[in-house]
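> Chains B and W, in that order, give the protein sequences. When we follow the working numbering, the leftmost residue of the first sequence carries the number 1, and every step to the right adds one. When we follow the working numbering, the leftmost residue of the second sequence carries the number 1, and every step to the right adds one.
Any given hint could turn out to be false.
Which copy? The list can't say, so a pair holds if one copy fits it or any two copies do.
[What the hints assert, rightly or not] Here are the computed lysine-lysine pairs in the DSS-like style, where the Cα-Cα straight-line distance is at most 25 Å:
| # | residue 1 | residue 2 |
| --- | --- | --- |
| 1 | K187 | K71 |
| 2 | K52 | K93 |
| 3 | K92 | K153 |
| 4 | K71 | K117 |
| 5 | K153 | K71 |
| 6 | K203 | K92 |
| 7 | K187 | K117 |
| 8 | K92 | K187 |
| 9 | K71 | K93 |
| 10 | K117 | K92 |
| 11 | K153 | K93 |
| 12 | K117 | K93 |
| 13 | K153 | K212 |
| 14 | K71 | K92 |
| 15 | K52 | K117 |
| 16 | K93 | K187 |
Please keep in mind that the hints were generated in silico from the structure rather than gathered at the bench.
Protein chains: 2
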Amino acid sequence: MIESIIILSGGMDSTVLLAKQIAQNIQIAALSFDYGSKHNRRELPLAAGACKNYGVPHRIIELPFINQLFKSSLLQSGQAVPNGRYDAGNMKKTVVPFRNGILMAIAVGYAESLDAKCVLIGSHSGDHFIYPDCRPEFNSAFSRAAQLGTGGKVSVEFPFSDMDKRQIGDLGRSLDVDYTRTWTCYKGANVHCGVCSACDERKYALRHDEGKDPTSYAE
Amino acid sequence: MIESIIILSGGMDSTVLLAKQIAQNIQIAALSFDYGSKHNRRELPLAAGACKNYGVPHRIIELPFINQLFKSSLLQSGQAVPNGRYDAGNMKKTVVPFRNGILMAIAVGYAESLDAKCVLIGSHSGDHFIYPDCRPEFNSAFSRAAQLGTGGKVSVEFPFSDMDKRQIGDLGRSLDVDYTRTWTCYKGANVHCGVCSACDERKYALRHDEGKDPTSYAE
Numbered sequence: 001m002i003e004s005i006i007i008l009s010g011g012m013d014s015t016v017l018l019a020k021q022i023a024q025n026i027q028i029a030a031l032s033f034d035y036g037s038k039h040n041r042r043e044l045p046l047a048a049g050a051c052k053n054y055g056v057p058h059r060i061i062e063l064p065f066i067n068q069l070f071k072s073s074l075l076q077s078g079q080a081v082p083n084g085r086y087d088a089g090n091m092k093k094t095v096v097p098f099r100n101g102i103l104m105a106i107a108v109g110y111a112e113s114l115d116a117k118c119v120l121i122g123s124h125s126g127d128h129f130i131y132p133d134c135r136p137e138f139n140s141a142f143s144r145a146a147q148l149g150t151g152g153k154v155s156v157e158f159p160f161s162d163m164d165k166r167q168i169g170d171l172g173r174s175l176d177v178d179y180t181r182t183w184t185c186y187k188g189a190n191v192h193c194g195v196c197s198a199c200d201e202r203k204y205a206l207r208h209d210e211g212k213d214p215t216s217y218a219e
Numbered sequence: 001m002i003e004s005i006i007i008l009s010g011g012m013d014s015t016v017l018l019a020k021q022i023a024q025n026i027q028i029a030a031l032s033f034d035y036g037s038k039h040n041r042r043e044l045p046l047a048a049g050a051c052k053n054y055g056v057p058h059r060i061i062e063l064p065f066i067n068q069l070f071k072s073s074l075l076q077s078g079q080a081v082p083n084g085r086y087d088a089g090n091m092k093k094t095v096v097p098f099r100n101g102i103l104m105a106i107a108v109g110y111a112e113s114l115d116a117k118c119v120l121i122g123s124h125s126g127d128h129f130i131y132p133d134c135r136p137e138f139n140s141a142f143s144r145a146a147q148l149g150t151g152g153k154v155s156v157e158f159p160f161s162d163m164d165k166r167q168i169g170d171l172g173r174s175l176d177v178d179y180t181r182t183w184t185c186y187k188g189a190n191v192h193c194g195v196c197s198a199c200d201e202r203k204y205a206l207r208h209d210e211g212k213d214p215t216s217y218a219e
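One chain only, chain B, in its complex shape (with noise of 0.2 Å):
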């Protein structure tokens, strides 16, 4: 009996949260999507190799249309993703129009279609500025339509929405989550980058600075 699904990128958010539900002793699928961004076949293979490892049931649902028919530097038919910080200026051309509301509402389906009760996804407050459709407003509506459109059967949760991203590095580190097998960068390459705002946000998060980030960058 499966009582939660777990949007899984194979980023560190995501395989945080997936440790924490482990921890916890929760009876877990995942659930990965290709959407066609730059980093997919980067992140893709950890995901899986995460639900491997926790032997956690795993499917990846592709949604080429995404890559085809919307516009985003994420997504390999956009433009070059930007260098630099991550800050609003810098990160509006990532945004992939209302990415998760599509992951989501796909994954409270499924959700439905297992009898699970549970939706779980990793979007953190360092995301809100940036992405609306990772801020807590939306959560909460994009929540309760899902409790209304499934007859009260799943409900949307995101535990790591008062957090920011070194908060979830740390707890990931208390619950032994190894960083070299989780990927951020946004450009996709066979190393991180270093240089774009995902890698930024990373550094900080696994306190580059403290000698902490045990990943291999490229600058």
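Knowing the structure of chain B, use the given hints to seat chain W on it.
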């Protein structure tokens, strides 16, 4: 400049809704979904034909994971569609979990990508008591989530939310909709079966008993 995206199944409700937008000179694009229902193969060519007829841009998005992973008698992977009246007992098995939530979420992201301000869907009051994701309270919650998740750029509207299917049928007749070019039967054979609950409701809507229904039924 596209103003609105319509979710077009090729059924009578969404086809009437499309005709209404055309009559109002709304610049519109249509989005259809092949999610593996038994009647998609009948509906989708009719959706494409309506768009060609009205000169409306049209995309069909394939969602094969719904048929593979979700449970519903409406799906090709599901059990037989029940015969009988369009009531809750018979129809519950035809619920595709959170289907409208998924379709609307994708349409919202697509609308934002095209700078369209609005997503239209033809769900109506007759659907409410069976399908939780057609009820007014779900519609309101989802519309709010769409607004928040797109930073206020996209809203979802439900123009038929307060109408029943017969009112929609009458409206379409006044707009010269050719109902022989719309599909309703859940069984998806070569002609409408005439005995499933969806056909039962179509007969009511098109005033079959008054001799106004142009549909050919097997029974």
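> Give a verdict on every hint.
Hint check results:
Taking the closest pair of Cα atoms, K187 and K71 come within 25 Å of each other only inside a single copy of the chain (16 Å); across copies the shortest separation is 37 Å, beyond that limit. In this homomeric assembly, K52 and K93 never come within 25 Å of each other (Cα to Cα): the closest approach is 34 Å inside a single copy and 34 Å across copies. For a Cα distance limit of 25 Å, the shortest separation of K92 from K153 across copies, 14 Å, qualifies, whereas the shortest one inside one copy, 35 Å, does not. In this assembly of identical chains, the alpha carbons of K71 and K117 lie at most 25 Å apart only when taken from different copies (16 Å versus 33 Å within one copy).
For a Cα distance limit of 25 Å, the shortest separation of K153 from K71 across copies, 15 Å, qualifies, whereas the shortest one inside one copy, 33 Å, does not. When the C-alpha separation of K203 and K92 is checked against a cutoff of 25 Å, the pair qualifies only within one copy, where the shortest distance is 20 Å, while the shortest distance between copies is 50 Å. In the homo-oligomer, the alpha carbons of K187 and K117 never lie at most 25 Å apart, since the shortest distance is 35 Å inside one protomer and 30 Å across protomers. Taking the closest pair of Cα atoms, K92 and K187 come within 25 Å of each other only inside a single copy of the chain (15 Å); across copies the shortest separation is 45 Å, beyond that limit.
Taking the shortest alpha-carbon separations for K71 and K93, only the intra-copy value of 9 Å comes in at or below 25 Å, while the best inter-copy value is 37 Å. In this homomeric assembly, K117 and K92 come within 25 Å of each other (Cα to Cα) only across copies, at 19 Å, whereas the closest approach inside a single copy is 33 Å. For the identical chains of this complex, K153 and K93 are inter-copy neighbours only, at 15 Å across copies versus 36 Å inside a copy, given an alpha-carbon limit of 25 Å. Taking CA atoms no more than 25 Å apart as the test, K117 paired with K93 passes between copies only; the shortest distance there is 19 Å, against 34 Å inside one copy.
Taking the closest pair of Cα atoms, K153 and K212 never come within 25 Å of each other, the shortest separation being 42 Å inside a single copy and 41 Å across copies. In the homo-oligomer, the alpha carbons of K71 and K92 lie at most 25 Å apart inside one protomer (12 Å), although the nearest pairing across protomers, at 38 Å, exceeds that limit. Within a single copy, K52 and K117 get their C-alpha atoms as close as 23 Å, which meets the 25 Å cut-off; across copies the closest is 43 Å, which misses it. For the identical chains of this complex, K93 and K187 are intra-copy neighbours only, at 13 Å inside a copy versus 44 Å across copies, given an alpha-carbon limit of 25 Å.
The structure is inconsistent with the numbered hints 2, 7 and 13, although it conforms to all the rest.
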